[in-house]
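Based on the provided sequences and hints, a complete structural model is requested.
FYI, the numbering for the sequence shown is 1 to 240, going by our numbering.
Check each hint, because a few of them may be wrong.
[Stated by the list, open to error] Taking lysine-lysine pairs in the DSSO-like style, the calculated list, with each CA pair at most 27 Å apart, reads: (1) K64 with K124; (2) K124 with K13; (3) K9 with K202.
Hints in this document: simulated from the structure, not taken from any laboratory.
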Amino acid sequence: MAEKKSLGKEFSKGLLAENPTLRLVLGTCPTLATTTSVTSALGMGLAASVVLVCSNIVISALRKVIPDKVRIPAYVVVIASFVTIVQMLVKAFAPELDEQLGVYLPLIVVNCIILGRAEAFASKNPVLASAVDGLGMGVGFTAALFLMGAVREILGAGSFAGISIPVLSGNPMLIFILPPGGFFVYGILMATANRIAESRGKPRAELRGCEACPMASSCKLNKRETESEGASVESKEAAN
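Printed below as a string of structure tokens:
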């Protein structure tokens, strides 16, 4: 029962408490770029979810084999392999979706949600838990994209999934299809998700600095940030 409860918690956290898009503010670029319609939003969400689950499984299975010094390149190779497979399938069976997503489909390789879950979770946990974690994060990501796509398409194009809505199709608000409208809808959804999560006792989501980046240990910018923080602490202690 404890294991089932734990797996359920790993799945549900990605839906709201740790929603990668609305709470952790990850994957912002594809979120804004592919949510001009419900179809493209769902396509991006599902493609990223498949890559996320599959890469989590493989990375978790190989976590004791991959040397620590080359773990990030190894993760990228695994992720890129699954992205290539997904892209070929989309090109073969959904060419219209492939055209809509354009360059953002292959750019799933560098989606920080996928690499972040590989580094933060899959590399430290068993295969089943990693698969459930990837599924939960993927569903949360897809749900966020769907909500954004629905709002922007309905208000900005007067349609839903390509089906015209007579009441709105005559005078749509085109601003919602453009980048400013995307940022506006994104902000509203983020505020709503944070409000709901906090009303349920979840801690406020905070943007993390360089320490959350998989490359933090070898990044010069992070070293400068750490040194400046250390100097600040020392100066405060000296003042006291």
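Going down the list of hints, with the structure as the test:
1. K64 with K124: holds, 9 Å
2. K124 with K13: holds, 17 Å
3. K9 with K202: holds, 13 Å
When held up to the earlier numbered hints, the structure conflicts with none and fits them all.
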